[in-house]
Amino acid sequence: MTAGHHPTEPSPIERRVAALESLLVERGLITSDVVDAVVETYEHDVGPLNGARVVARAWVDDDYRARLLSDGTRAIGELGYGGAEGEHLVVLENTPAVHNLVVCTLCSCYPWPVLGLPPSWYKSFAYRARAVREPRAVMAEFGTVVPDEVEVRVWDSSAEVRYMVLPQRPPGTDGLDEEALAALVTRDHMIGVVQ
Amino acid sequence: MSVSARKGLPADVPRRNGELVFAAPWEGRAFGLAAAYVEATGVGWAAFRTHLVAAIADLPEGTPYYEAWVEGLERLVTAHG
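So the protein lines, in turn, are chains A and B.
The first sequence: position 28 = 28 (the numbering used here), numbered continuously.
Remember, the numbering used here sits 1000 above the position in the second sequence when you count from 1.
Hints in this document: simulated from the structure, not taken from any laboratory.
Even for Gly, the Cβ is constructed at its ideal location relative to N, Cα and C.
Every clue listed holds true.
Restraint ranges, calculated between C-beta atoms of paired labels, are given here:
#1 A/150 with B/1078: 40 to 50 Å
#2 B/1042 with A/134: 36 to 46 Å
#3 B/1042 with A/153: 28 to 38 Å
#4 B/1063 with A/80: 32 to 42 Å
#5 A/78 with B/1024: 34 to 44 Å
Bound conformation, chain A alone (with noise of 0.2 Å):
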């Protein structure tokens, strides 16, 4: 922690997060600059933005698609991206008949590779708690109504698997390239919570 750049005393949180770095930077466990790595990371590198080019691929290359649907830890590595969180990651494809929709109801286990760090809804206790037992009802909050006669899928992300939702390929652009499409992909769609 930089304490001198507040403007007021550290606050209790904080006070122990710099009490837990140095010790394990003492103990030789780490130092401050693999942490500011790490920070900077999941900061600025690894965000959605990875899923949703997984997610064009899968929309223009039926094979890319078949091969991210039965191994999805495979075919995402031959994009590039792994690591921690990623695993065992699973790939759901939503269908006309079949919305697909991740939670994890014990933390916040999260496909960091495809998707980054979680927000912090999906962390919340009412998200954990609500999208298992009203699923349409959590949608709807966020503008998402599925019709009655599409089956809704509900996951636990458990503590091995990963999962991240391929969503329909909207009507209407066939014309778009990989690029364009990808940026018509959000996180929201593929954790779920919108269609």
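Following the hints, put chain B in place on chain A, whose structure we already have.
Leaving out everything else, chain B in the frame of chain A:
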């Protein structure tokens, strides 16, 4: 990650849905500490997650997420050394 690996990505990638990755510097620090510790010790994210899940369950319902994260990391360090 190197600067070259970032080439071609808009600067606002992780924020494209309107949210900062970390709401305060200490949250990023807490995240980075866990990642560095897990990597350096080889203890594995699964071990961290076990403590995070327990911390979330033990702390009051409205506890900010990254406070539970810090609690989980402290427990992991205590248990694992």
